[in-house]
Amino acid sequence: METRRVPRTKSKNRHHTNKNACPRVSCVCSSLCVSVMSPSNKSADEAINEALLEKLRSCVSKPQEADTFRHIAAKIHARVTSSDRRVRERTLEKLWRKNSGAMEIFITTLENCKDHVINCSIASILHECISPRVAKGKTKGNKNKSATRSSSRMAVMQLINLGITQVLVKLLVNLQHADTISSEVLTQEVLWLLGQIAQRDQKFVSKIKMLNTIKLFHTLLKQHYNNSKTLLPLLLTVKCLARNSISLQVLVKDGISSTLEKTFVCVGYIPHLKLRLLLECFKYFTTSKLCCTKFVKVGLVHLLMRIFERWERFDGPMRLKICNCALITLQHLCVIKAGRKAIKTNNGLQLLYRFCSNCPEDKAYDSLLSRICGIINQCLEKKELPVPEMSPARFVLPEANVRPNSAESGSDIDSQACSVASLGRLYSDLDSGDEEESQNSRTNVKNMNAADEVDESKFFAGVFTSQRSEEDLAEYGAFFKELGNIQNQVCVAKSSTEKLIDAADTRICSSKTKTFTKDPTKEGITKNQTSNNDTAIKIFNDMSSNLSDQQAYCVIASRVKSVIGFVKVAYPDLIGGDGLGKDEPLNNKDRKVCRSKLLTCVERGLHGGTLVQEVVYDLDALASNNSDEQTPADNHLCNWDENRIGKRCSDTKQLHFESRFESGNLRKVIQIGPREYDLILTPDVNSGSRHQWFYFEVSNMEANLPYTFNIINCEKANSQFNFGMKPILFSVTEAQLGRPGWVRTGADICYYRNCYQRPTKGKNYLTTSFTVTFPHAYDVCYLAYHFPYTYSLLMTNIWKWTRRVPSNTYFRAETLCETLNGNNNPLLTITSLDSKNNPIQNRKVIFLTSRVHPGESNASWVMDGTLEALLSNNPYVASLRDDYVFKIVPMLNIEGVVNGCNRYGLTNEDLNRRWSNPNRVLHPVIYHTKGLMEYCTRVLQRPPYVFVDYHGHSRRKNVFLFGCSRSGSWSAADRAKPDQPAQYLMLPHLMQRISPAFALPLCSFKVERNKESTARVAIWRQLGVSRSYTMESSFCGCDQGTLAGLHLDTKHLKAIGQDFCQALSMMKDCAEDWSVEKIPMGEGIPEESGCMEDEISSSCESDESDFET
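Those letters in the sequence shown? Residues 0 to 1108, per numbering that gives the first Met the number 0, in order.
FYI, nobody ran anything at the bench for these hints, they're computed from the structure. Glycine is no exception: its CB is placed at the ideal position from the N, C-alpha and C atoms. Incorrect hints may appear among the rest.
[Stated by the list, open to error] With a cut-off of at most 20 Å between alpha-carbon atoms, the simulated PhoX-like pairs for lysine-lysine come out as follows:
1) Lys-252 <-> Lys-221
2) Lys-382 <-> Lys-340
3) Lys-228 <-> Lys-273
4) Lys-560 <-> Lys-537
5) Lys-208 <-> Lys-273
6) Lys-293 <-> Lys-221
7) Lys-206 <-> Lys-169
8) Lys-97 <-> Lys-61
9) Lys-293 <-> Lys-228
10) Lys-381 <-> Lys-340
11) Lys-336 <-> Lys-362
12) Lys-336 <-> Lys-296
13) Lys-293 <-> Lys-340
14) Lys-113 <-> Lys-54
15) Lys-362 <-> Lys-54
16) Lys-336 <-> Lys-214
17) Lys-296 <-> Lys-228
18) Lys-252 <-> Lys-320
[As the list claims (entries may be wrong)] Cβ-Cβ distance ranges computed for the label pairs, FRET-style:
19) Gln-198 <-> Glu-867: 46 to 56 Å
20) Ser-227 <-> Asp-253: 16 to 26 Å
21) Arg-84 <-> Glu-64: 40 to 50 Å
22) Glu-64 <-> Thr-218: 31 to 41 Å
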C-alpha cells in the first residue's frame, strides 16, 4: 500500500554536530576526514561506519556511558540523513547487512535503554532504514531506487523477525507515563515505525493481543486525532487492527466509533492519504453489526454523504479510492435497518442517483456505479419476490435421530452472530463449495482463525461423534463380489476374527434394509456382472434389449420418481445432451450495456414499475392444480417437440415456457415488456434458497428478434456471467436440420444486484440478464445454465455400457442403496478379469464420486468421460484396469438432480457437509458410500489408494484439484507431523502435463476447520487416504493453455475425465519417493471479482478461502 511520509520531527539530535562528540570517535572521524572528502573512496566510509557500529555495540554493553551513547547514536543518525548521497547510501548499506548486527543492536537499545534522547536517535535511524530518502527526477538512478526499496523491505522483515513489534509496543506503553518534549518526539517516531511494521507483520494483531495493548491504540487516537504528525501512523495501525475480528470487537466495545467520527470531522474532505486511510478503517469496522449501529448513532452517514455532495472536487486516482471506501462502508451500513433509514434521511438516494447520472464513462468508475446501484436497491422500500418464500416442491422427510446444531454441519464454528460478514455466510451460495467471499471478509476469517486458540480435542469430538463397528461394516462385503465371498475377503485381509464372519452373515441375513442381502457363495466372474439379486438395478427390470437409445431413455425416465410430477422428457436429454462440439469463444462484455441495465434497474425501483406485468408461467399454480396433463394416463413420458416446431401456439405473441421435466428449473415468468421477461427460479426442495441452476423450454418465438430474459432471484455475490460465460441454448429445429447439440448463446450479458429483498435482512437478490435472438420462428428451444446431465441419462448410459463391455474387463453395475424418494443409486465396479498372474486381490482400490451438488452438471460430464475411458480399449486403460479396482458412485445426489435443485437434495442441507457423520436415514448415499470406503480400510485393511470427488466451480475458470496436506492444516497436531508432499502433489503435476484445461497454480492443499465434514477432508483424516481430492471444473471456460479464451464444451469436459485416467495410469510409473520442488499453489491466480470489473457486493456475501465445493 502506498503511504505518504510523515513529516520528520525536528529534534536536537536529528542533525547533531560534532562539537560535543566523543573524543575517541572524533579522532577516528578526523583521521579519515580527508578520505571522506573524496566521494569515490568507499573504503573510508566503510571504516567509519564499522567504527561507529563497533562503538555503539560497546555502549550497549555499558549503558552507564550515556553521553558517549548519545553521541554515537547521533553520529550514525547524521550519516543516514546526510545531504551527501554517497555517505547516506553507504551507511544504510552497512546497516542493512545482516552480518553487521546493526538491527539487533538497535532493537536491544530500544528494549533496554531508558534514555529518551538515545531512543529518539535510534528510532530515527530505523526510520531511515525503513523509508530511506530517494533522489528525485533522475532516471539514471532507477535501478538504485529499486535496490534501495528492496533493501528497505528486507530490513522491515529482518526487524519483524527480531521482535521489533513487541519492543516498540512496550516502549509505547512506557512513554504513556512520561510527559516531556523528548518523550513526545519519541512517541511520534515509535508510532511511525509501528504504522510501517503493522502493514507487513502478519502476526501483528496476535502480538498486540498477547501484550494486552489493543485498547492502547484507541487511547492514543483519542489523544492525537487532531495531531497531523501522529494521525497517519495511528490510522495505519488501527486499520490493521480493524481487519481482525477479535481486535475489532475489542475496539468497538471500547468506544472507538465516536473517536473515529471526531477524527473524520478533524480530517475534513480534502482528498489526501489521511482521509483515504480513515475511510478504509470505516470499511473494516463496519463489518461488525454492532459497530454499524454505533456509527449510525454518531452521525457517520451524514458525513459520508457529504463526500458525494462534493465528489467533483476530488481528482485523479485518489477520488476513486476515497469514493470506493465510502461506498463499501455504506454497503455495510445498509445491512442494518437504521443504516438504510439514515441514508434515506440524509438525502442519500438522491445524491447517489445524481452520482450515477453524472458518473464519468471511464472504465475505472464501473465498480463505483455498480456499488451505488446496489446501495440504492437495498435502501428502497422493501420489495419482495411475487412468489412464496419456500419451494413449491415439498417432501415429507422420514424421522431420524439427528443431533441438532452439531459440528458435523460443516458450518464455520468461528462465525459470529454480530458480524455483518457472517450474515452472508448463512444464505449466500458458497460456490461449489464455492464458499466464496470477497477479499475483505476472507481476510477477517483468516485472521480470526489464526488468532483463535482452539481446543482441538473438543472440536474433533464434536465433529466425529461415532464410529461404525466392524460387524456393521461387514454388510458391504456384498459389494466386493470380485474379491469372492465375505470369508475369502476377510481371509485376504488376514483377519482371524471368526466373530466378524459370523456376525457379518447373520447381519446380512437379518438386515431390514432394502439395499443389502446376504452375499451368495463365490460366483464365477463374467464380463457382465449385473445379476438378478437384490443389489441389481431395479429400474432396468423388464427392459427389452431391442430398445433404441431414445426408447430406453423414455422408459427409464418414466420410472424415475420426482417430487413434482413431470409432463414430458426434454428433447436435448432424449438425444444424448451433448454440446455441438465446436469451439466457442468467451463473451466480450459490453460495459455500456451493463451500465444501462444497472441504471434501468435503479430507475424502476425509484420511479415505479414497468408498463406490462403479466404472468405467463407459474409452476406453483400448476403444481397445486395437479391438472390432467401433469401425469399422462399410461404414466409413460415421451417427447413430441418435433411435431410442434414451426407451429404458432396461439394468437398471442407471448413466449411459452415449461420446466416440468427432469432437472428442469423455472418457477415463474412475468412479461415486463414486448419482448422482455423476468424469470424466477425454483428453490431447492424443502428450501427457500439456493437459486442458480436453470433449465427450461421456451417456444412460440418470432425469428431474428431480440428477447431479453432477466433471472431476478440469483443469490451468489458474483458470477462468471460477468467474465465471459454465456448460457446455453438447444434448438429442436437445428437438430432436425442435422445440427443437434447445445450451443452458447446470448448478448448483452450482465450480472448485477437488483431491488428484490431476500428473506435475510438487509440483502438483495441479483439479476442475470441476457438477450437471445432465436434463428427460427416458432421453434422449440431449451435454455440452461450449463449442459444438463440427468439421472435418466446416467442410467441409460449404464444400461448401454452393460451391453458392450470390452474384452477382459470386469464391469458390474448394482444398486448401492435407494434414495429418500426410492430411486436406485448405482455403484459401478470396473477392473480387469481375475487371473492367476494378476489376481484382483492384489490390486489397489480407487474410489471416484460425483455430483453431490446437483447444479454442478459439468462434474457428471467429466465423470462420463472417465467412465467411457475406463470402458474403452485404449492400451493405457487396459493397463489401468490391470492395476486398480475402480469403485464409482457417479451421482451422489440423485434427488437433487431429478428435481432440478442447485445445491441440496430433499433435506435442505449440503450433503458435502455430512461426510463426518452421515445419517443412515437422511443421507443414505453418503452413509453407504463412506461405508464402502470404511469397509476397505478397516475390514479389508486396504485403504483407498486414491479418492476423488468431482465438482463444478462457478467462480473460477479452468480445472484444478484441492487436496490435503499436514503442513497446510489448521490443526497444530497435523502440522506437528511430517508431511509427505510427494503423495498428494504427484497427481496434480501429472494432470498439468496431460490436460490443457488444468491449472496447477489454482490447486490448493489447505485443510480448514470449516471443511472437516467435506468428503475430501473426512476421507483424508478419518480413513488416512493421503490422495484425497476434490476436482473442480469451471462452468465457464479457460484463461490459460491452449484452451485460453474458450468455453468448455461437453467434449472438453469428457476429455478432462479421460485425461484424469491417463494421469492415474502414469502414477504407477512414478516411484513412491517422487518429489517436487515447493510451488505456490492456491495463490497463483487471483479470483475474478465484481460486476463491471469489480465486486458488486459488499464483503459480506459469503465465506470461502479456497473456494471448494
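Going through the hints against the structure:
1. As the CA atoms of Lys-252 and Lys-221 are separated by approximately 15 Å, the hinted pair is consistent with the 20 Å bound.
2. This hinted pair checks out: Lys-382 and Lys-340 have alpha carbons roughly 15 Å apart, not beyond 20 Å.
3. As the CA atoms of Lys-228 and Lys-273 are separated by approximately 11 Å, the hinted pair is consistent with the 20 Å bound.
4. For the given pair, Lys-560 sits about 13 Å from Lys-537 by alpha-carbon distance, which is consistent with the 20 Å threshold.
5. For the suggested pair Lys-208 and Lys-273, the alpha carbons sit about 25 Å apart, so the restraint of at most 20 Å is broken.
6. Using a Cα cut-off of 20 Å, the hinted pair Lys-293 and Lys-221 holds, with the two alpha carbons roughly 17 Å apart.
7. A hinted pair counts as satisfied when its Cα atoms are at most 20 Å apart, and Lys-206 with Lys-169 qualifies at roughly 11 Å.
8. Between Lys-97 and Lys-61 the CA atoms are separated by roughly 23 Å; this puts the pair beyond 20 Å, and the hint is violated.
9. Distance check on the hinted pair: Lys-293 and Lys-228 sit about 28 Å apart at the alpha-carbon level, beyond 20 Å; violated.
10. Between Lys-381 and Lys-340 the alpha-carbon distance is near 12 Å, which keeps this suggested pair within the 20 Å criterion.
11. Among the hinted pairs, Lys-336 with Lys-362 is inconsistent with the structure: their alpha-carbon atoms are about 32 Å apart, more than 20 Å.
12. For the proposed pair Lys-336 and Lys-296, the alpha carbon gap of about 12 Å is at most 20 Å, so the pair holds.
13. Between Lys-293 and Lys-340, the direct Cα distance comes to roughly 14 Å. Compliance with the 20 Å bound is thereby established for this hinted pair.
14. Pair hint Lys-113 plus Lys-54 holds up; C-alpha atoms about 19 Å apart against a cutoff of 20 Å.
15. The hinted pair formed by Lys-362 and Lys-54 fails the criterion: a straight-line CA distance of about 58 Å is larger than 20 Å.
16. Under the criterion of a C-alpha separation no larger than 20 Å, the hint pairing Lys-336 with Lys-214 is inconsistent with the structure, at around 29 Å.
17. Under the criterion of a C-alpha separation no larger than 20 Å, the hint pairing Lys-296 with Lys-228 is inconsistent with the structure, at around 29 Å.
18. Proposed proximity of Lys-252 and Lys-320 is contradicted: the alpha carbons are some 28 Å apart, above 20 Å.
19. Taken as a hint, the range 46 to 56 Å holds for the pair Gln-198 and Glu-867, whose Cβ atoms sit roughly 53 Å apart.
20. Distance hint check: the CB atoms of Ser-227 and Asp-253 are about 24 Å apart, consistent with the given range 16 to 26 Å.
21. A hinted range of 40 to 50 Å is violated for the C-beta pair Arg-84 and Glu-64, which are about 32 Å apart.
22. Restraint check, Glu-64 to Thr-218: a C-beta distance of roughly 35 Å satisfies the suggested window 31 to 41 Å.
The structure fails to meet hints 5, 8, 9, 11, 15, 16, 17, 18 and 21 from the earlier list, while all remaining hints are met.
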